[in-house]
Every structure is written in C-alpha cells, then in structure tokens.
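If you want the building blocks of each chain, they are given just below.
2 protein chains.
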Amino acid sequence: MKIALAQLNYHIGNFEQNTEKIIQAIHHAEEAGADVIVFSELSVCGYPPQDLLEQADFIQSTEKAVATIAGTCTRIAAVIGAPVLNENQRGKKLFNAALWLQDGKVSFVQHKTLLPTYDVFDEYRYFEPNRTFEVIQFRGHTIALSICEDLWDHQPVENSFARNSLYTISPAEELAKLNPDLLINIAASPYSYNQGDKRKNILINNSRQHQLPIVYVNQVGGNTELIFDGGSMVLNRNGEIVHEMPLFEEAIQFIELDNIHHSPSKASTAETEDLRLKNMHQALLLGLKDYFFKSGFNKATLGLSGGIDSALTLAIAAEALGSENINVLLMPSQFSSGHSIQDAKDLAEKLNISYQILPIHEAYQSLLNTLQPIFQDLPFGLAEENLQARIRGTLLMALSNKLGYLLLNTSNKSEAAVGYGTLYGDMNGALSVLGDVYKTDVFKMSRWINRNQEIIPWNTINKPPSAELRPDQKDSDSLPNYDLLDAILFRFIELKQSASELIREGFDAEIVNRVIRLVNLNEHKRFQAPPVLRVSSKAFGMGRRMPIVAKYS
Amino acid sequence: MKIALAQLNYHIGNFEQNTEKIIQAIHHAEEAGADVIVFSELSVCGYPPQDLLEQADFIQSTEKAVATIAGTCTRIAAVIGAPVLNENQRGKKLFNAALWLQDGKVSFVQHKTLLPTYDVFDEYRYFEPNRTFEVIQFRGHTIALSICEDLWDHQPVENSFARNSLYTISPAEELAKLNPDLLINIAASPYSYNQGDKRKNILINNSRQHQLPIVYVNQVGGNTELIFDGGSMVLNRNGEIVHEMPLFEEAIQFIELDNIHHSPSKASTAETEDLRLKNMHQALLLGLKDYFFKSGFNKATLGLSGGIDSALTLAIAAEALGSENINVLLMPSQFSSGHSIQDAKDLAEKLNISYQILPIHEAYQSLLNTLQPIFQDLPFGLAEENLQARIRGTLLMALSNKLGYLLLNTSNKSEAAVGYGTLYGDMNGALSVLGDVYKTDVFKMSRWINRNQEIIPWNTINKPPSAELRPDQKDSDSLPNYDLLDAILFRFIELKQSASELIREGFDAEIVNRVIRLVNLNEHKRFQAPPVLRVSSKAFGMGRRMPIVAKYS
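Chains as they are written, first to last, in my numbering: chain A, 408 to 960; chain B, 408 to 960.
With the rest of the complex left out, here is chain A (with noise of 0.2 Å):
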C-alpha cells in the first residue's frame, strides 16, 4: 500500500484555500499511484481555530469544506482533521475528529481522546473527548487513526512538580487490542527549541510498545504565535524512523508500506548547536513570514538602534520579506552613542534596506516642556527615559499608519521577563519577533548569521549591551549579566523551578529572589505585548496565564 503524506501549511477559516491545496494534494497522490493520503490535524479549517469554533457558520463552512474534499477521493482515500458535531444532546458541541474519505464520501470518524489543556492548547474548551475505538479494513490493511495528543498519554516533563501521565486512559493501547497493521496519527504540534527529540521519542516509544509502524503527519506554517514545524515522519514496528519530511516547509512524499518493515534505523543525529540555532532560525523566518502574508500585510518597519536585538530582528525580517519590502528609522536622542549610529547604518546599507534618520532631540524637549507643570524641577529618572522610548515607539507607528509598514517589535525574552523595556514604547509592535528568544541566544544566532560573513556589525554583537536611555548606561548597572540572568529565567519560567529549587541549585539567592520578583512585578506589562513568535516550551503569551493581581511569594 502506497501512502502519501502531505505536510501542508493552513490558513485559518481559509476554507476556499485550504480546500483547494488539499485537493489538488489528493490529485498530485492519484497520479503518482497512491492509495491512501494524509494529511494533519484540523487541516481543513486551520489550526488552532479558536473561539472561532463557537461561530456556527465557521462549523457550517468547514462541513461544506469536508463534503467538497470527500467528492474527489473516488479512486484514493484521504485522511483529513476536521471539527464535528457530537450528536449526543450531553457533552461538548464538537469533536476533534480524523475523518476517512472513501468512495466520495467520509466513510469513517476517528474522535481525538486526549484533548490537550495545558500550556498554548485549550481543546477541552471546545471539544468533547471520544470514549470508543475502531479500525477501517482498506486494501487488506487494518489501519488506527488518531489525532496528535492521542499517542502523548505519557510523556517526559521537565520539571519534578509535573505529571508524565496527563490522562488516564491510552487510546493506542485501546487501538492496539484492535489488532491494526498501521497506526496513522494526524497532528498539529508546534516547534519548540528545547525539546529536541521528545516527539520523536513519543513516536517510537509508541510503535515499538505496540509492535505498530506509525504515519505520522504534522502541519506546517506560523498561526500567530505559533509555529507548525513539520517534521512528518514514519517508523517500522521496531520503533526505527524510516522516513523523515523536512522541517520548516510544505512537502508530500510517499512510502511504500509494505517495503517498511525491513528498512534500516537511521542513525539518530544528536542536535548540535549548530542545528539548534539553524532550525530556530528557520522557525522566526516562518513564523514571521506567515504572520505578514497570512494577514495580507508584505511590509515591515523597526526602529534600528545600534543595538543586537534590533539588528538580529531586521536581518530575519530582511530574509523573510525582502529588504525592498522593509524601511527602518534611526532615531538618535543625546544619549545615544556616535558608534550606535554608525552601526546601525553599516547594518541597513549592508543589507540593502532604506532607512530615515529622524533624531528625537526636538520632540524630547518639546514634550519636557509640555510637562513642566508636571515634571517641575524634579530629578531626571525613569518618567524621561520612558518618554524617549515612547517618542519612538510614536514615530514608528507613524511611519507605519502613514506608508502601510507594519511595525516589528525588538524585545528579547530576558528583557519581556524582567520588565526592561517601555510600554508604548519600545514594547510597540505588530509581532514580536524574539520575544521567545533569550538574550544569551540572541548572541549566538547573530554569531550564526555572521558564520560565513559578517552581516551584523561585529561591533553590534561585541559591545556591551545598552538602551541609551541615559549618559553611559550599560544593561549591567541594573541586570546581572546575561548569562546568569537566562540561566535563571530558564529553569523559573520554562523548567517552573521556585526560587528555593534554583537556590538549592547553587544560585545566589538575593540574585534569584530579585530576579523573580522583577519577572512577577511585570506581568501587567506582558500582558500588554505583542504577539510573540513562540520557539520555546514556554513563551509568553496564551501559553503562561498569570494573574495579573496577586500576591507573589
């Protein structure tokens, strides 16, 4: 049996688009021979949908989608994820469902089992959970179907407070008694950095406990914040991957079942650093990418201060949508350094962007003014530093309500934790492109960048970090440095350690205790921030619910 598995990138509520590549995939699978293609979770409608979900027309328009995609598998059958109804009177509205197209029509449903609610997933929110297992006979295969979440019954967790088993029933365990010859599991799992081969491990702890080859399909593509990496694979009934799709991009390859099962294990390549930082790269392009073209929007703007944040931003936006399609400003004050500029300047010629420098000096003093019978003769502080941010952050939303650029926010994920940026300020922007990204990684993808030829300044990436917001400030004066700061934020937000973990540990306690608090202090901010391109297990945003009123320990 020939199996086409077809890693495609959705557009939520697109239903005309979404139907068409999906059909034009079963066509392109017809005629290369196959029987069967599959492809991922809630393709049909995009995912995740939402509250959209709740809308009747959006559950109305994916069933006209299903019934259209169900016409044209007439010599082929397809596996597509689609929101059905339950038609119990108790329980959620909707299942998350595989559905088999066979002979024009869905000629089976597979209801997704374990519906995951935890860090970005509400699907229990939406859906209800299926209770019953079946398999399809086809072609004189048994075959399983199930939906991501379904084989995660156990996983590895990270930290020790955690649970392994979320659920108290496996559905391929379930399935398994059913005796089927293929497991095919339709999903849609996103990227993140420091999980390295934990879905690869779930897949093959999967198939070798059962004695089942797995077909495994993920999406791909940027929704918001989160970013589908593909990664579509299969494994034998030993448990050894014998095909991997690529990661990052749309492809529909084939695998002849039958050939599998004598196939040799691939070596498995440990992640190098390297390959790390490459594969996160690849993800902020795609995400980025998509958050523009999906929106409508090809066109980008960002403040460029002479700093690494924003020039590591400009260099993936500059990949992503062409330097022809972007326009930064530099928005010098008296604060900043000679060098800053400079800097800023070799970035944008180097990579042929436009650029306008409009120095703040005037506004600045025009708005000091304006305040005077606020400001008096109090101390310079906070409130002026604030107001320089600000003064920018106005320009550029100036620059994009004026031309159509949408604007790029800059923060990094050591800054969004502890607070260190403005409101309206520098915390402007459309979508936050490393605000998933610590500090410490943004150091080393800019050294990636510049691996073959220096793109960004040397300089940029050698100095010592600033935000020029007063004479001689370093992030130093009021950061511990970086390295320290991450490995910190890391184990409290990520690996959710407490402080008396960390200080165990071997961590300063006055330093983890300061830490923390600035990271508690600031969710009033973060709640307020740009969307944040998600590569991490834990990023800010709908995956960390923190209230903002509450007493922190």
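Derived by calculation from the structure, the hints in this document are not laboratory data.
Treat the hints with care, as some may be off.
No copy is singled out in the list; a pair is fine if it fits within one copy or between any two copies.
[As the list claims (entries may be wrong)] Quick list of in silico lysine-lysine cross-link-like pairs, DSS-like style, CA-CA up to 30 Å: (1) 584 x 500; (2) 958 x 428; (3) 932 x 809; (4) 932 x 958; (5) 958 x 500; (6) 696 x 958; (7) 512 x 428; (8) 851 x 870; (9) 471 x 903; (10) 881 x 809; (11) 428 x 706; (12) 605 x 409; (13) 851 x 932; (14) 932 x 706; (15) 870 x 932; (16) 932 x 696; (17) 809 x 958.
In this text the structure is predicted, and so the values were computed from the model without any measurement.
With the hints as your guide, set chain B onto chain A.
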C-alpha cells in the same frame, strides 16, 4: 444545625491574609454558636490562581494554610476550598476540592466533578475531574458537598449553537442518590449584567429536582478582569430562596437549617433597569477598587477629554478611590472644541479632582516636524489623528511614571469592538474600566449617576460623541448610530449570532457585514489592550480567544 455563610473577598496567593481572614470568620461563627461555617471555592489561595497552580511552592503554601486553618476547627466544622494533590499516578496533578474541616483536621474531601473550561474558565488546564461521590454525617445530618459548576450540568444558553448540557454526568444527581438532607455548594461565580437570574434558576432547579435544601456560598471581590458579586443564598427543599446575602460586599450570615423548611418563598423581584445599572456600577466600583488595593496602588490618573467615556470613568474612579487620590490631565489640541475643555473642567471641579491642562499643540507640531521626511506633503489622515492620541497617551504615562499614578483607560466596549481607538494612544492604561460597557450603557449609567443631581455635566451626556481628532469630527461620520451598533455587537459578541442570523432578524446586511468585519479586523488591537473589568457574559480579554491571523468570513 446553625450554618454560617462566609462570603469573603480573597487575594490570590496571599496565603497569610486569606488564612487570617478565614480563621477570624471561624472564631466569629464559633462565638455565634454555629455548627459549621462555609467558605467559597479555592478560598485558601484565591480564585482564579491560573498558572500559579503549576508552581510547587504555591501548592505547598496552600497545604500549610489548610493545616493551619484545620487546626482551629475543634469545636466547629468548616468547609473551605483549595487545590489538593491527585494521589493517582495518572491524570492531572491536582483536584479542585471542598475540604471538610473538623476535630482539628481535614476529615473529608470532595473533588470537583464538572470543570468549567469555556469563556474565562480554564479549569481542566489544571484539575482532574472527580468521579466518586460520598456524603458526610455530621451532628445528625447527612451533608453533600459540591463545587460551583457541579450544579451547572444543565444550563440555559443564549444562542442556538451552544449546548445546554456540556457534561455527561450530573454530580447533584449522583449525590442525591446518597440521600443527603443538605447540599452545600461553594462557588466562585463572576458577575455579569446580562445573565439576570440564571444562577438563581440553576439553584432553584437543582433544589426542586432533588428535593434538597442548598447552601450556596459565593466569593466576592475583583481579581484583575473578573468581578465576583457574592449574593450567597439558601434554598429550602422546595426550591424557595429563604435567605439572600448582599451583592458586592463581604458578609458573614447565619441560618438555622431546621427552620428553613417552612419559610415562605420570597417573591422573585424582577431586575429593573435601574437595578441593572446600579449593579453594573457597583461591580465596576468593586473591580476598580480591588485592582488598585490588591496591587498596592491607590492613586489614579486619566485623560479628561470633555467626552462622556472619560467623564464616567472619572466619576467611578473618584467614588472608588476618593477624589483626593486622582489627578487628571486635560490635553486640548487645535481640534478640541471650547465646550469640551469647559465640560472637562466643570466635571473635575464638581468632583473636586485636581487637574492640569497640558495643551498638545507644541508637541504635535514638533513631532510633525520630526516626521517631515516621512509625511512629506501627504494629506492629513489617520496617522495625524493617531499622533494626537499617542501624544496624549505619552503625557499620561509620563505623569504616571513620574508621580506614581496608575493610568485608567477610558475606552468603552463599542469602541474596543470596532477598533475606534488608537493603540499606544487612548488605548493605554493599566485597567480598562468601561471596556465591557457598551456606549449605550455608558450613556445610561451616566444618566443614572446624575439621577439625583448633576455630577457628569449634562452637556457632556447630551452632545454628539466625537473623538475631536480632526475638524468637526463626529463618531457618526464613520460608525452607525450607537443604538444600532450596540444591538449588532451584542448579538454578535455576547449571543454569538452570525451575520446571516442577524440579517434574518432584520438588520441591514451592509451594516451588519461592515460591523462584523470591523470587529474581526481589530483582534490585533485588542490583543494589546489593557485588562477589562468584565461585567457581561462575554468580555474582551481572557474570555474571548480569537486568532489574530485568520481569514474571517
């Protein structure tokens, strides 16, 4: 048996204060001769604790607090709410539990069965659902415990696509089989102005169906977006409400269980429009007050435009925080009408609020000069309008940063819905006071506030709304009149009706499609809006989760 109902206001994560408050109430009830005192859901840690539940030390602090509280229950029993660890190796880490404290220890635990995971609720994100039911024998009575949603297995819904029965089990039915003579329900049920007697009817139906008296204890207080209104009550076995506690305030009250069976049914008082406005106003006061005091702030600022939204916000803030804690800015531009400044001054003086006038002409001109290389000789447009709003936002934040006043956002729900506001401008603020109040209700509430005397200048209420960002601008230039707009918005947002349903109801197709398009197009703006005090069944914020990048039909 004498039962104390403790309707209290908790602070999330403030274990010390919550514990002290609970213990004081226990002593008070003991002195009053009560047999048992009932607190509300998750009273020990505060509700909703959100992702704090994923932190080991948060759960450890809860456990310590529970032990301390239990230690005081030697002559009286108490029912408190807390997260407890799931001892099984499979399933979510925690249960949401009602704990029966007696003889100095936790003597019985009832886990929550129905975990609301819709709108603002995320309970399945954290908790494993209960599957077993038991009752307690106490001083000659058989008592069943349940938690909030446990009684909501059947609930009325406002749109035809939603479900009445979100769950496949009825905990009240299961408990009723065990023949209790009392059902206690501890709740954290937020206020919404458009749900009328929904909660009462749920309780009445449960009581009647199972012929059981119900003691229902709800919490009170604001927690960021959510406002809990209290209104705890007691029903006899005939479903008659025999005792009702106040709305929006803490109280400890007593009932004698043996006396309620023959109490006359209270006549249900239909909510008048006057009462609806009064309650909504009370809710906003409480939400604002708790946002400030629980965060450790007590001073507020806002931009007073002479329009009705900022006037109403100021009137509410002055009542909540005291006029001496407020300092507002009047920021006229060349487009401000004379009456606006006069109306703003009148209001500030009437409420005894200190204010400063900071004209924005100079700053506006200076920013236009700075932007000359971008704007060149392009015609006046949206960018110039937004620029004025952003200058004002920047001035307000400068005051906030310099003097420590929290900025209140003054946008209403109609504006927030259609994106009639400037991101990083008038959308600024720590908290949106009116973001869940439609413009038509802003008018009604302002008139209600003026019911005895003119507080908000009648001129502010009666003049046509205008943003005053260009000459002779009126809201009605670009939006349908507010009666029509709000009618469409309410049906689309709260009732989740589709465009086609609205058109079938008789609304003009072109207007309906335009309004819905505006709502959908502005998801990106609302993503960065401040937290909104929620007073309806569907507020913008955590309860409404729409993708930014999607094709909306």
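For each hint given before, does the structure comply? Return the numbers of the non-compliant ones in rising order.
none
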